[in-house]
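A.B. asks: So you can see what is in the structure, the chains are spelled out below.
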Amino acid sequence: MAAIAPASDGIRRLGRVLTGLATIAVTLLGLIALTFFIGRVIPIDPVLAIVGEKATQEAYDKVFYAMGLDKPVWEQFAAYTWQLLCGDFGTSFTTTRPVLTDLLTFFPATLELATLGLLLGIVLGVPAGVVSAYWHDKWPDHLIRVVGLVGYSVPIFWLGLVGLYVFYYRLGWVAGPGQIDVFYVGIVKPITNSILIDSMLRGEWTVFWNAVSHIVLPVSLIGYFSMAYLSRMTRSLMLDQLTKEYVLTARLKGASEIEVVFGHALRNAAIPLVTIIALSYGGLLEGSVLIETVFGWPGIGNYIASSLFRGDINAVLGGTFLVGAIFIVLNQLSDILYTTLDPRTRPARR
Amino acid sequence: MSTMPTHTIARAQVRAAQFKQIKSFCRRFARNPSGMFGFFILVALLFCAAFAPWLATHDPYLPNLSGRLSAPGADYWLGADELGRDIYSRVLYGSRLTLLIVGLVIVTSAPIGLLVGVIAGNFGGWVDTIFMRVTDVFLAVPKLLLALAFVAALGPGIVNAAIAITLTAWPPYARMARAEALAVRNSDYVNAVRLAGASEFHIIVQHIIPMCISSVIVRMTLDMAGIILTAAGLGFIGLGAQPPLPEWGAMISTGRKFIFDQWWVATVPGFAIFIVSLGFNLLGDAIRDLLDPHLKARP
Amino acid sequence: MKLTKALAGALLSMTMLTSVSFAATPQDTLVIADAIDDIITLDPGEVGEVGGIMAAKQIYQPLVTFNVKNPTEIYGVLAQSWTVSEDGKTFTFKMNPNAKFASGNPVTAHDAEFSYHRVVKMASRSAFLLTQFGFTTDNIEERIKAVDDATLVIEIEQPYAESFVLYALSSYAGGIVDSKLVLEHEVDGDLGNGWLKQENTAGSGPFVLSNWAPKQSILLTRNENFWQEKPSIERVFFQHVPESAAQRLLLEKGDIDVANKLGPDDYTSIANNADVKTLDGSSGVIYYMGLNVRNEALSHPDFVKAMKYLVDYDGIAATIGQGTIEVHQTLVPAGFLGSLDYNPYSLDIEKAKELIASSGVQTPVTLETVVWNVPPYTDFAQAAQATLAQAGINLDLQVVDGQQWLERYRSSALDIWVGLWGPDYPDPHSNAKAFAVNSKDAPDGSSSLADRFGWDAGDLSPKAMAALRENDTELRKTMYEEIQKVHTDTSPFLYMFQEVRRVAVRSNVNGLILGLTLSDDRYWEVTKD
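Just so you know, the sequences run in chain order A, B and C.
To convert, note that position 47 of the first sequence is 47 in the numbering used here; the numbers rise steadily by one, no gaps.
To convert, note that position 159 of the second sequence is 159 in the numbering used here; the numbers rise steadily by one, no gaps.
To convert, note that position 113 of the third sequence is 113 in the numbering used here; the numbers rise steadily by one, no gaps.
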């Protein structure tokens, strides 16, 4: 069995990687095409958005030609794609900056929310799922399921509003909308554009704590939302494992309950769970529009949505491309992870 | 032909068996308390939608500027909004819109996804590749943004919102249907039918689609809550139903301005969304537990 | 269990600690909450949106300006004096010899010449403010000329009322830039646009730009070389806070000094807060409904008149407006030359029904109505929708985003447009041009709101142009008054309200001057005690 030709294995692996890359490339191209098409169909005149409604025809024409809108759509698309391949996302007219700069400015804010939210979701959700599965149909299970059910039934933007009302306005436990108090804006020179990390690196602890007080509420909401999802998935994965024969065998062999649950069942459930977590991370990144709207969070969701309404196509394309690309890559990564970690899906060796 | 009678007999037997199955399903369903609770919420929703004119205390569209932003009380049970309209009556009428959107999305997205998936799975080859790439692209675009963009392109409105949600909702059905189709298309009995000279169309309609139906139904009920939330989200951003329609998401959106001083304007419709989506989730869970073949197989 | 309790306790105490916010902004800084995500440039040659004009006005100075309290009082800023020729076509400005830019360069007539040429040559969104005087890229070198460092001569195509020309020069397109500095940074003949657009300023005004983070904030700092009396505050900070409720809370907590975008309800709820006060100013902004006469029903004058009786003006002003709007039914805003107290319409459903009957239009009629998705438009539209419905006129409201809202009326693809008009300068012509002059009578042939809604203003159009050329102020005033009465009675414009400009500030903020037109607020005289 061990006598396989290493060369052919290497080639096969390379082939798989290449196919994977080609798939990513084609999907991304489709993604650009779709966004581009939407951008063209939207009944917003990008020229008008730039020159305003009082401008003269001369001013209008000047911008119209400068944007290349006189050319056929496919030509515009080809030009855009080529630029993108060269790493040029174009310039956003609503911010007057290169879209890439904008993405680097706005994305970290979303990343902070989604990452912290997901971490909270994992920390709470996975143990909850395990507990729920272990005491299947007992009261801890019922309790966790109800909490989870509420989590994915509730409109998150509404919960955000109610949260602001209760914890910010009534109780004053957390800070209000925005990433930081107006007072602290501009104190920390950006390094990574993540206000939490930057203020820590610069040693501006008052700013850091202020930023924390702002992020607590939205992160708790996202965390709750992702906890609801993860506990449900963990529960069903664990239920699957706990009814398998090897668990019974392990128990018969005298393994402790902790060893059975964590050493065997959870270990086996971990592989699909990691996939699920990776995918839900992508979901959190894209699902941030509503939460960002409620909390006035200067993130990528806000950026794309506001650009969309002003006909700032470069910004919309760039933002969607970034989020879509992350989603696709996460998807492929989890596939790879799955195949490398799970012995059953490893390609059979002759 | 002499096969005719046996055919009819077989059909009658199948029908009887189906009836029995449905009966047993109902019996098992009745024993599931959370499922029954969800079912009860759905019935209540249907009731509210059907009898809204009789249950309402006010005209949901008629502003009364002097009663603007009244607190909940004897006149306005759940308060009044920024134009003095009764929130209780508006929420009641809003249930119709919720049902409309959910209905529209369900009857469009499931068939589209089913068709794409089944065709891709059944024919394989380049058809499969193209269809699945397209599906992947739709899956990769941020969902809410895609819906946003479509509504922006089509113009805001309740039907357009439903179309936009459909466009984002069909890919999972396609994936699921393709998986089922792949599993079934080379099974012995499908091959047997194929050898007997049946057309691919016949095979798809008669043999493959029915195999997918139960998982599609499970997915559909589970999806309904998600559809309600997405529709509310679109309404919240202002791209769903247009004023003066009492769409719940849009109502929250207007209430947002008053959240600190007149909390009821945003809170009441949000609560309605929560209850209904909870109902659909409970119902969906229960149906899945009962119908899902993978779960049923487990001891 | 113990652990989670401890954790929860820690989390709680942490947030409690951190939510202690500062009671006041620094003494030398003025913090303003506003919706500033509309800004796409700070180049004075092309600014056009409210936020951009607001910021540019603090940085660049015009040749002349006017007293906000009494707009007929026009005085020089960068120009010391001016004369107008007999035929009313040649304006000669003497520059103020003391004026200098933030860079230290003196402000000369050449800078003014360069700045005006720049606006016309860039053919930007704001160029119409100058090109309406007949300037084109071909003749601008001839028509606007610096004779020497101290003298600028401007020659306009046709004679206009003097005050009108001066008002136009006082507007945002008339900001003077430091030509030496700008030309040093010119790239590929862009007249320094790339350099001025986002990061740099070259003005002579009281403030200079420190930082602009698009869609987030703008920081202006005091111009230490300012040639007039220096502002007492060192920094002006605009923070993007789109929500009025959020602005109110920030203001009440003392996190900001000025809240620029509060809703009517917020003013009511801060009325009893001693730490906060409300400033009232006048504003030329008019809210109206434009009726597209290309629609069959709306082409009947009696039907249009009936609609004017179907809006509950007083009710809306009292409940929705709560003091932020006043009923106003003529085209010239109160406070401008020729403004008129003429409000003939009020809610009268019976009268409206009679008028509809005599118009011969069969009800019910459904009209496609486009509304911007922000207050107060949505509230106005819904309130009007309810009363119009009582006479069988159904408004099909389409609440859309700002860009689509503009797009829709520009392409005339609608029946009714719920909108506003904010004059660019405090001259009645800014409004008369928009509502009453058809393109055939406009010197530059540009189309106006009247054209957009398919309305032929008849002899109102030449009359409005005649009023513009009248130099006798009293006579000019009467001419506008006549135009307005006819216009209000016959035009397809359903004027509703004039905005009462309101801003809430902390009670220690003094000296803030609210502008007459959109975004003409003057922050340099603010002091904080």
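These are computed hints drawn from the structure, not numbers from a lab.
The beta carbon of each residue, even a glycine, is placed where N, CA and C say it ideally should be.
Warning: the hint list may mix true and false statements.
Stated by the list, open to error - With a straight-line cut-off of 30 Å between C-alpha atoms, the simulated BS3-like cross-links for lysine-lysine are:
#: 1; chain 1: C; residue 1: Lys277; chain 2: C; residue 2: Lys305
#: 2; chain 1: C; residue 1: Lys145; chain 2: A; residue 2: Lys62
#: 3; chain 1: C; residue 1: Lys305; chain 2: A; residue 2: Lys62
#: 4; chain 1: C; residue 1: Lys230; chain 2: C; residue 2: Lys261
#: 5; chain 1: A; residue 1: Lys189; chain 2: C; residue 2: Lys261
#: 6; chain 1: A; residue 1: Lys189; chain 2: C; residue 2: Lys353
#: 7; chain 1: C; residue 1: Lys100; chain 2: B; residue 2: Lys257
#: 8; chain 1: C; residue 1: Lys485; chain 2: A; residue 2: Lys189
#: 9; chain 1: C; residue 1: Lys485; chain 2: C; residue 2: Lys353
#: 10; chain 1: C; residue 1: Lys528; chain 2: C; residue 2: Lys305
#: 11; chain 1: A; residue 1: Lys189; chain 2: C; residue 2: Lys253
#: 12; chain 1: A; residue 1: Lys71; chain 2: C; residue 2: Lys305
#: 13; chain 1: C; residue 1: Lys277; chain 2: C; residue 2: Lys197
#: 14; chain 1: A; residue 1: Lys138; chain 2: B; residue 2: Lys23
#: 15; chain 1: A; residue 1: Lys62; chain 2: C; residue 2: Lys353
#: 16; chain 1: A; residue 1: Lys189; chain 2: C; residue 2: Lys528
#: 17; chain 1: B; residue 1: Lys257; chain 2: C; residue 2: Lys277
#: 18; chain 1: C; residue 1: Lys440; chain 2: C; residue 2: Lys261
#: 19; chain 1: A; residue 1: Lys62; chain 2: C; residue 2: Lys277
#: 20; chain 1: C; residue 1: Lys89; chain 2: C; residue 2: Lys69
#: 21; chain 1: C; residue 1: Lys100; chain 2: C; residue 2: Lys69
#: 22; chain 1: C; residue 1: Lys100; chain 2: C; residue 2: Lys89
#: 23; chain 1: B; residue 1: Lys257; chain 2: C; residue 2: Lys261
#: 24; chain 1: A; residue 1: Lys71; chain 2: C; residue 2: Lys197
#: 25; chain 1: A; residue 1: Lys62; chain 2: C; residue 2: Lys230
Unchecked claim - Some chain B residues near chain C, calculated using beta-carbon distances under 7 Å:
#: 26; residue: Arg27
#: 27; residue: Leu65
#: 28; residue: Gly67
#: 29; residue: Arg68
#: 30; residue: Ala74
#: 31; residue: Leu115
#: 32; residue: Pro210
#: 33; residue: Met211
#: 34; residue: Gly238
#: 35; residue: Gln242
#: 36; residue: Phe260
#: 37; residue: Asp261
A.B. asks: Against this structure, judge whether each hint is valid.
C.D. replies: Hint check results:
1. Annotation: proposed proximity of Lys277/C to Lys305/C is violated, straight-line Cα distance about 41 Å (limit 30 Å).
2. Between Lys145/C and Lys62/A the CA atoms are separated by roughly 26 Å; this keeps the pair inside 30 Å, and the hint holds.
3. The suggested pairing of Lys305/C with Lys62/A is violated, with an alpha-carbon distance near 41 Å, which exceeds 30 Å.
4. For the suggested pair Lys230/C and Lys261/C, the alpha carbons sit about 27 Å apart, so the restraint of at most 30 Å is met.
5. This hinted pair checks out: Lys189/A and Lys261/C have alpha carbons roughly 29 Å apart, not beyond 30 Å.
6. For the hint linking Lys189/A to Lys353/C, the alpha-carbon distance of about 65 Å lies beyond 30 Å, and the restraint is violated.
7. Under the criterion of a C-alpha separation no larger than 30 Å, the hint pairing Lys100/C with Lys257/B is inconsistent with the structure, at around 46 Å.
8. Using a Cα cut-off of 30 Å, the hinted pair Lys485/C and Lys189/A is violated, with the two alpha carbons roughly 59 Å apart.
9. Between Lys485/C and Lys353/C, the direct Cα distance comes to roughly 23 Å. Compliance with the 30 Å bound is thereby established for this hinted pair.
10. Between Lys528/C and Lys305/C the CA atoms are separated by roughly 51 Å; this puts the pair beyond 30 Å, and the hint is violated.
11. Between Lys189/A and Lys253/C the CA atoms are separated by roughly 26 Å; this keeps the pair inside 30 Å, and the hint holds.
12. Using a Cα cut-off of 30 Å, the hinted pair Lys71/A and Lys305/C is violated, with the two alpha carbons roughly 46 Å apart.
13. Annotation: proposed proximity of Lys277/C to Lys197/C is violated, straight-line Cα distance about 35 Å (limit 30 Å).
14. For the given pair, Lys138/A sits about 29 Å from Lys23/B by alpha-carbon distance, which is consistent with the 30 Å threshold.
15. Note on Lys62/A and Lys353/C: the hinted pairing is violated, with a Cα-Cα distance of about 49 Å set against a maximum of 30 Å.
16. Annotation: proposed proximity of Lys189/A to Lys528/C holds, straight-line Cα distance about 28 Å (limit 30 Å).
17. This hinted pair checks out: Lys257/B and Lys277/C have alpha carbons roughly 21 Å apart, not beyond 30 Å.
18. Restraint check for Lys440/C and Lys261/C: the C-alpha separation of about 39 Å exceeds 30 Å, so the hint is violated.
19. Restraint check for Lys62/A and Lys277/C: not satisfied, since their Cα atoms lie roughly 46 Å apart, outside the 30 Å limit.
20. For the hint pairing Lys89/C with Lys69/C, the CA-to-CA distance comes to about 28 Å; that is within 30 Å, so the pair holds.
21. Distance hint between Lys100/C and Lys69/C is fulfilled; the C-alpha atoms sit about 27 Å from each other, no more than 30 Å.
22. Using a Cα cut-off of 30 Å, the hinted pair Lys100/C and Lys89/C holds, with the two alpha carbons roughly 29 Å apart.
23. Distance hint between Lys257/B and Lys261/C is fulfilled; the C-alpha atoms sit about 12 Å from each other, no more than 30 Å.
24. A hinted pair counts as satisfied when its Cα atoms are at most 30 Å apart, and Lys71/A with Lys197/C qualifies at roughly 27 Å.
25. For the hint linking Lys62/A to Lys230/C, the alpha-carbon distance of about 40 Å lies beyond 30 Å, and the restraint is violated.
26. Contact between Arg27/B and chain C, as hinted, is not supported at the beta carbon level, the nearest pair being about 41 Å apart and thus beyond 7 Å.
27. Residue-level restraint check for Leu65/B holds (minimum Cβ-Cβ distance to chain C is 4 Å; threshold 7 Å).
28. Checking Gly67/B against chain C by beta carbon gives a least distance of about 9 Å; that is not within 7 Å, so the hint is violated.
29. Among the interface hints, the one on Arg68/B holds; its C-beta lies about 5 Å from the nearest C-beta in chain C, closer than the 7 Å criterion.
30. With its C-beta approaching chain C no nearer than about 21 Å, Ala74/B sits outside the 7 Å limit, and its interface hint is violated.
31. Taken as an interface hint, Leu115/B does not check out: its beta carbon lies about 33 Å from the nearest beta carbon of chain C, beyond 7 Å.
32. Evaluation of the Pro210/B hint against chain C yields a violated restraint, the C-beta minimum of about 43 Å exceeding 7 Å.
33. Restraint check, Met211/B versus chain C: the minimum CB separation of about 45 Å is more than 7 Å; hint violated.
34. Residue-level restraint check for Gly238/B holds (minimum Cβ-Cβ distance to chain C is 5 Å; threshold 7 Å).
35. A distance limit of 7 Å between C-beta atoms decides the matter here; for Gln242/B the minimum to chain C is near 5 Å, and the interface restraint holds.
36. With its C-beta approaching chain C no nearer than about 5 Å, Phe260/B sits inside the 7 Å limit, and its interface hint holds.
37. Of the supplied interface hints, the one on Asp261/B holds, with its beta-carbon coming within about 6 Å of a beta-carbon of chain C, less than 7 Å.
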